[in-house]
Structure formats: structure tokens, C-alpha cells
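Q: The chain contents come next:
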Amino acid sequence: MSAPNYSKTELMICVAARLFEDGATCFIGTGIPMLAAMLASKTTAPNLVPVFEFGGTGAILEELPRAVGEARTFHKGLSALGICDTMESAQRGFVDYGFLGGAQIDPYGNLNTVVIGSHDQPRARLPGSGGGNDVGSLCWRTIAIVQHDLRRFVPKVDFVTTPGYLTGPGAREAAGLPRGSGPMAVVSTLALMDYDPHTCRMRLKALHPGVTVEEVQANTGFDLLLAEQIGVNAPPSAEELRLLRQEIDPERLYI
Amino acid sequence: MEVLESGQGELIQPFDLDEFREWNRTRKTRKLVEKVMTEQEAIAQFVQDGCYIGTELYGTVRCPMSLAREVVRQGRKNLRVCGQGVLELDLWLAAGLVKKLDITYIGLEVYGTSSCLRRAVESGQVETCVEWSNAAISWRMKAAAMGVPFLPTRSMLGTDLLKYSAAKVVQDPFTGLKVALLPALILDVALIHVHRADKFGNCQIDGISGFALEMARASKRLIVSTEQIIPTEEIRRAPDRTAIPYYLVDAVVHAPFGSHPGEMAYLYSRDEPAIKEWVETSKTADGAQDYLQTWVYGLPTHAVYLERVGQERLAQCVARRERRQA
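So the sequence lines, in the order shown, correspond to chains A and B.
Under my numbering, the first residue of the first sequence carries the number 646, and numbering increases by one thereafter.
Under my numbering, the first residue of the second sequence carries the number 144, and numbering increases by one thereafter.
The hints are simulated quantities; they were obtained by calculation from the structure and are not laboratory data.
Every value quoted in this text rests on a predicted model; they were computed, and no experiment measured them.
Wrong hints could be hidden among the right ones.
According to the in silico footprint, chain A covers these stretches of chain B (three or more CB under 8 Å from chain A) [to be verified]:
{"#": "1", "stretch": "242-249"}
{"#": "2", "stretch": "259-271"}
{"#": "3", "stretch": "279-289"}
{"#": "4", "stretch": "301-310"}
{"#": "5", "stretch": "316-325"}
{"#": "6", "stretch": "348-355"}
{"#": "7", "stretch": "401-412"}
Below, a list of computed lysine-lysine pairs in the BS3-like style, where the Cα atoms sit at most 27 Å apart [to be verified]:
{"#": "8", "chain 1": "A", "residue 1": "Lys687", "chain 2": "A", "residue 2": "Lys850"}
{"#": "9", "chain 1": "B", "residue 1": "Lys311", "chain 2": "A", "residue 2": "Lys801"}
{"#": "10", "chain 1": "B", "residue 1": "Lys306", "chain 2": "A", "residue 2": "Lys801"}
Here a beta-carbon is modelled for each residue, glycine too, at the ideal position from N, C-alpha and C.
Here chain B stands alone, though its shape is the one from the complex (with noise of 0.2 Å):
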């Protein structure tokens, strides 16, 4: 296949489909062992400077905001980062520990654009932003997930979008129409909440799965946080239901209120005057920074962050949740 054209992004992170392979036969155990540990295990043991991580779902939905808090804390340095993100990667961005970003979008949704990807970006302290669209990003993890090297899309096709992305146009020998290739994205690490666990890492999600499945199976460690963590019979009384299967996983912290100030399907909704603190405070570097004192540096656990949050608000959380129907 001829290549008609070439984004000019830089691939941030090359891969190798053979060595994927040795790694999950080598890395991953298929043994049924416990991987229970909290926060701060799962990221020193999991999460290097300089290495290739991603968040899913994203910052007010089904986030591991205990997670990516705990990254902060840590002070992981230099970090390449797919997002697709709202609070969990302004957090990031705010602590100065991103390098590299495949970006789809990063902003504040409902509040606007974001303050800290701004200064982060235009102050050059992200070198390299290479663009993609969302469905972009989740297929690059599908084809990893597949274990193949691209898959074809229709979708970027014409535009500065393809241009500045790492993507590549062909003409389809089957059918000759143009299509752009997607690279397959194997990340180093990923983080992902879910609702329910059990000690070995077999995960539920009720509601949307955004990109977990995918993200998942694209991901060379993965640090699960739940909401709950059950017995495995509940797991093998419902299969189907296991979006994520155990030897995916290498890490599982149990995390209730992990989404928050985000929402949880079924459990919790979205601390809203929570949401807005970050909004106006982030609008400075000073007032990032401050809060990142007050909320993430200054509280060393996650049990000490849902203290200080409060049982008063965290019950409204749930009061206001989505219900399903009788």
C-alpha cells in the first residue's frame, strides 16, 4: 500500500506487537493470586517517570481520581499521556508532570476550556501535542487490543486534524477508497475505576463502558480501583458481567468514592460546588497550585481526602445519584 500522506505528529510511543506478546506471556500472570493493595503501592510499584499512561473513563465520569491523585503526590515526572480528560489530567497538568500528550480533548466541559492545559501548552512546558479525535484514540487502543498493528478509519480524513496526528492515509487495496491508519497505542500503564472487584482483578462496570474494554486490553500494567471489592463466587455467579477479566490486572485498591468529585453510575452523583472550586481556583497557576496543596499534597491518603470532603457531602453525592428503574 502506497502512502498518500503522512501526519506529522511524532508517535510518542512506538511499539512492538512480538514483544507485547512476550510481555503478556511472560509479565501476566494467568494465576488466580491477590493484587488487593492501596493507592500508593499500586503507583510506586507500577508508575515510572518518563512512562506511557493513560486514565479512563475521564475526569467527572467513572475517574480513578485516587489514583491520579496519588501519581501527583508521588510526583511522577515527565510523563507521556493520552487524554481524553478533565479534572484527573488538569490535576496532572497543574503539577507540571506532563512531557507529551496524545491529545483528544482536554477541557471543563460544562465550565469551558481548561486553564491549566492552556499554560501548560503555550508555556511550551508540554513539548508535543499530537492531535487525534476520541474515537481515534479508543480504535489505536483496539487495534493493541487486537494485537494489530493499525486499523482503518473514514474518520480524520481531509483535515489539520490528520495533519498534526500520527496517522497515516492510504488507499485501501480491497476497495480503493482512502482511509487513515491508525497505529496501535500499547500503553505502559493505565488506570481505571470500576464498581465492583473481586481480590484477584475481575471487574463489573454498570452503566457506559466508555473505553474501558479496550483500554484495558491496550495496556501492559493496569491499576484497577473499585468501589467495592466481592467475593469471586459473585464474579463466577455472573460472568457476563465481567467487563475486565483478572489477568488483565495487576493491581486492584479498593477506592469507594474513588470517582470523586466525579460521578458514579448507580452510586453517586457529581459533587458539583466541588467541581466548581477546581474551575475557579484553576483559572491561576497560583490558585492551581493551592489547591493542590489543600487537596492532593497536603492529605496523604484517600481516606483522609473523603474525611476532609465530609460524610454531609458525600451523602448528597448519593441522594442525587441515578436510579435505576423498579
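Isolated chain A, as found in the complex (with noise of 0.2 Å):
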């Protein structure tokens, strides 16, 4: 087989972007997040409504914001307010997907950005929750798009950053979490993961081309299970390679 004329990274943005549903307001985080909602507005969900921590929202993606409070999260934007209008719209159900990021996630989705290691005496610092925490806690639905190795599919995070489904069914809710809110996918470099509307643990949907169900399974430090039918992901489209290398990342800062 010839090697694909696409990333990893390419493939995983172009996964994570076919997930946007057309209309929705969306929670974007800095980065893979930006590139793939700028991909999603440009293809299939031509009017999705960004929704920026920082208080830009309804923006054109016409470029790529390097922050999550430049101006590009406003550029011919519906509103340009603060953290606490998105955060409180959030709270009030008005934000139906957030898209996140973390250096670990476990099979319930919870997700860690804050310390490897102890907290009060860490092996690596790292930045903290920013708004990871209340994307994961009051969006309707979140996705995390994480890269897939043992490092960061672990059976326990070191540090609950951002909730996914905690210790299970009803643990949310449990800890006074809006009800019906939850991690709905994971976008990683090898495949596709949802999650068992039973149990509330990460299962396999769909594996990237070329990849098979073992190589997934090697690369994450719990058991995945398996949806009954394992589909696979359609590799970039041209129109999809040319946005994200020519419109979207022509610089090159992820891509």
C-alpha cells in the first residue's frame, strides 16, 4: 500500500470537523478545535456559530485565531462580550458542543490538563483548566480530540480537570452536573470513539484507514469496548486537504 498523501493530523482534524452539526452553537478551544471548526464552516456546516471563551461569537473563520481572545474570534462576528456572557450562556444550556483537548483521558472521558504526577509536588506542571473544566461541565455535548498513545489513553487520569462521565452512570448527575449533558466522542490520530450508553465507557465506532482494532487497542491503557459494527473513517477529501493547507493552516503552525 502507498503511503497516504495525508497526516495524522490532517485525518484527525478532517474527522473531528465532519462531527459539527450544521446550525450549532459550538464552544471552540485553541487549536486542532479551531482548525477543524474553520474546515467544518467551510464544508458541512456552513452555519455553525462559533462560540469563544473570551466573549466572540457568530464570527467568519476567514483566518485562523492563534488565541482564544484575538480578534479573529470576532471578525465579522454577532457579539463581541465577555467570558462571563459565554460562560453563563453555557450555563443556561444555550451552548450545545464544546471541543476539548487534554495530556490524559480516561475510558469514562474525563480529561486531565492540569498536573502529571502529585498535585502539591508534580513530575510535570502543566497549564491548568483554563475554560477546559466549564466547556466539559455545562456544554450539552463535548469532544475531545486527543493524540492516541498509552501516555494519554490511561485507565485513571492523574488529575479530574474536566468531568466526562466521572465514575460512570449517574455520577454526573450525581455531583450536581446539568442532567443530559456528557462527553459525546473522542477524535484521536488512530480511530473514532464513543462512548456505551450503559456503562458510560469509551468504545470503539470507527478506525482510521489502514488502521486495525489491534493497534488501537495497543496504543490505549484500558479496554476498549467495541461497537458491534466497526466502520471506518473516509480518508481527507482533495477539497478537504486543500482548505486545511491553503485557506485554513497555510502557515503551517499545526498542520
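Two chains, two frames, a set of hints: combine them into the complex.
A: Listed below in C-alpha cells is the structure:
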């Protein structure tokens, strides 16, 4: 088989972009989620309403924002307010989706962006929650985008920064988190995962082209559930690649 | 209300609401008095060793960088800081000024994690990190701005973030829901950079307001730096544009390109090479010190800093700015 004409990161962005629902409000964090949102807005979700935490809503994503507060996050936007407005909108149920990243993810979709090791004597101090915890707590559904390896897909995260399903069914509601909210999917460099509705555990849903179930499992630090039918994600189309390389990230900051 | 869970993090800025009212009554003038001064004067007068201080918005966006550099020059020590920060807090961490952190996010965004934060926390130089989400820290300021002791939220629940914060979980007496109570945050001093202000401190901000409105109202002392000082008649012509009214403000510092190397919406864009210089040099402790020597200690004022950046680079930032639609 010849080598594909795209990178794993490009494929991950394309698979994530296809998950955006047209017309939905969507909380976008720095990095890969911004590329995915831009790609979605130029392909399958032209009416996407991006929400950026420091106050920009409804921007037209013509140039890639490099920070969640910069002017491109309200370029030709519908409103430019502040963080309390966007976060309070999420808290009262106005934000449909949130995209998240993290240094570690566990079978219940809990994410860690605070420390590796113990909190008070960390082996590595990471940036902190930022808006991550709020997005995972307050948006209706969240999608995590994570590079797939054993360091990141772990049985137990060192620190639960952002709530997934916590310890399993009913745990979010028991903790007081809003009813009916929670993780929906994980897009990695190897596959697309969702969550089993009964156990709330991560489940392999579709493989990236050329990847095997065994390869995904070997790069996952816990037993992945398997969907009854495991699909294969379509590779990036020529148009998706053109948009990514020429319009979205021509400086190659990410891809 | 019964407390169901208490975060074990330290409340590193205890507060007294009646004392805050008294402060606002006796220490903040209602008179329209001129408050224009230099960075050196403002930091010398209002920022003390050991004080609790915050900056807004953050590192690469409408950030009071000229004030942040002056704090480093004057070497204010044992600072207790809330952040939410990129370059500005990195400079303070590299200079060894920070003792305790109410931390939400300190990192380099597109360029990844902060080496300065890692060194400062992993070595124990920063004694305490109390964890919060971005919304939580803003709502803590909002509580102070409202003059109430806490705000309830449905964020942070069920996580280690709450466990290592100073929030408390209770059952809401009206609905029975579990909510996290976020304690009010009254800052000793805040630094905010704005587009325009008059000499009394009435401020206008273009674009997103981040958490400027909340922080301005939650602080005992407020130093505003501004791209432009405008006549009060312009403020009076458009009072709906005043985001921060004069009586909150203690100092007005004229700082054109005050957010450099960060951006200022509609005025200038990020200076990417300058940001990358910090990203690269700050990877090692020695590199960070060299940078501080070159760009902070070695340059006595913001005007000299801008001279060193050079007209050509600044003009490029202006040329690449976000433009309003015609």
C-alpha cells in the first residue's frame, strides 16, 4: 500500500470537522478545534456559530485564530462581549457542543490538563483548566481531540480537570452537573470513539484508514469497548486537504 | 446550608465585604481628579510586596504589558496572583516574583506549555497553586463586583479541580441541586489595558471585554494603561461606551502599543517574531534571564522598549491588524 497523501493530524482534523452539526452553537478552544471548526464552516456546517470563551460569538472564520481572545474570534462576528456572557450562556443551556483537548483521557472521558504526578509535588505542571472544566461541565455534548498513545489514553487520569462521565452512569448528575450533558466522542490520531450508553465507557466506533482494532487497543491503556459494527472513517478528500493547506493553515502552525 | 464538600485549596485572598465597602467609601474619590502618571509612578505607588494582584485580558491580547514589565523592573516580591496568563505572568514567574497562584491557565497557547510555570512550580518557588476554571475566577470577581460573598455555579463539580480549589459544595435550598459556591475575589490591585481613557480614568474598550468589567469592580486599586488619552467630551458624547467608570480607577498610564508583543483589536496585531523569541528563550532558566535583561531590566521605560522594537516592526503590526467592516 502506498503511503497516504495526508498526515495523521490532517485526518484527525477532518474526522473532527465532520462531527460539527450545522447551525449549532459550538465552544471552540485553541488549536486543533479551531482548525476543525474552520474546516466544518467551509464544508458541512456553513451555519456553525462558533463561541469563543473570552466573548466572541458568531465569527466568520476567514483566518485561523491563534488565541481564544484575539480579534479573529469576533471577525465579522455577531457579538463581542466578555467571558461571563459566554460561560453563563453555556450554564443556561445555549451551547450545544464543546471541543476539548488534554494531556490524559480515561475510559469515562475525564480529562487532565493540570498535573502529571501529584498535585502538590508534580512531575510536570501543566497549564491548568482554562475554560476546559467549564466546557466539560456546562456544554450539552463534548468532543475530545487527543493524540492516540499509551501516555494519553490511561486507565485513570492523574488529575480530573474536566469532567467526563466521572466514575460512570449517574455520576455527573449525582455530582450536580447539568442533566443530559456529557461527552459524546473522542477523535484521535487512530480512530473515532464514542461512549457506551449503559456503562458510559469509551467504545471504538470507527477506525482511520489502514488502522486495525489491535493497533488502537495496543495504544490504549485500558480495555476499549467495541461497537457492534466498527466503521472506517473516510480519508480526507482532495477539497478538505486543499482547504486545510491553502486556506486554513497556510503557515503550517499545526498541520 | 450544609457544606457537602470543601475544596482543600487555600483561600489565598481572604475578604471582608464591609471592609471593602468602607474602602470604597473612604479611599476612592468620587471627584473628577486627574490621575495621569507614568508606569514607574503607578507601580511604585500602588503595587506592594506581597500584594494580591491580577492582570487582564491575557498575554497576547489587550494585555497591560508595559505595566507588567514595570512590575518586574521594580522587583515587587512575594506576589499573590490570579491567572489566566501568558507572556505577562511568564515574565513574573521567570523573575521569581510570584509566591502563590489562584491558577486557571498559564501557558503559551499555540506554542504549548509554559517552561517558566513548570520551573517555578516544580521547584517549589511558587508555594501554592489553588485551581480554578476560567469562568470560576471571573465569577469570583463578579461576586466581589456585586458586593456579595459568593456566587453559586454548576461548573467544577465532581472533579479534582474542585478538590484543589477553595470552593465549597452545598445543596441549594431552593431547588435541591448541588452547586459549587465560589468565594468573592477582592484584589488588592489590578492592571488593565484599554483602547481609550480620559485623564480621570473613564475607559472605553473595543472588541471583546474579557473580564475587564468584573476585575475593575473587584479591585481596591486599579491601574489602567491606555493606547490613547481622549478628552472627557468624547466620553460624554458616548457614555454607553464607558466600560470602566473613573471612580474605579487610581492611575491612568498613557501606553501606546502597551499590549506589545500582544495585539490590540483594530489597532495592531500580534508581533509573532517577538512572541516566538520569548517562547524559545524561556525554555531554559538562563535564556529567560537573558530575555529579561535585554527586554525588561535593560530598558528603563516603555518608550525605550518601543524604540528597541523599532518603528518598522510596529508598523507591520499595525498593517496586519483586524479592520472594522466598512
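Q: Determine for every hint whether it applies to the structure shown.
A: Status of each hint after checking the structure:
no.	hint	verdict
1	242-249	holds (count 4)
2	259-271	holds (count 4)
3	279-289	holds (count 4)
4	301-310	holds (count 5)
5	316-325	holds (count 4)
6	348-355	holds (count 6)
7	401-412	holds (count 4)
8	A:Lys687 / A:Lys850	holds (25 Å)
9	B:Lys311 / A:Lys801	holds (25 Å)
10	B:Lys306 / A:Lys801	holds (17 Å)
Violated hints: none; the structure is consistent with every hint.
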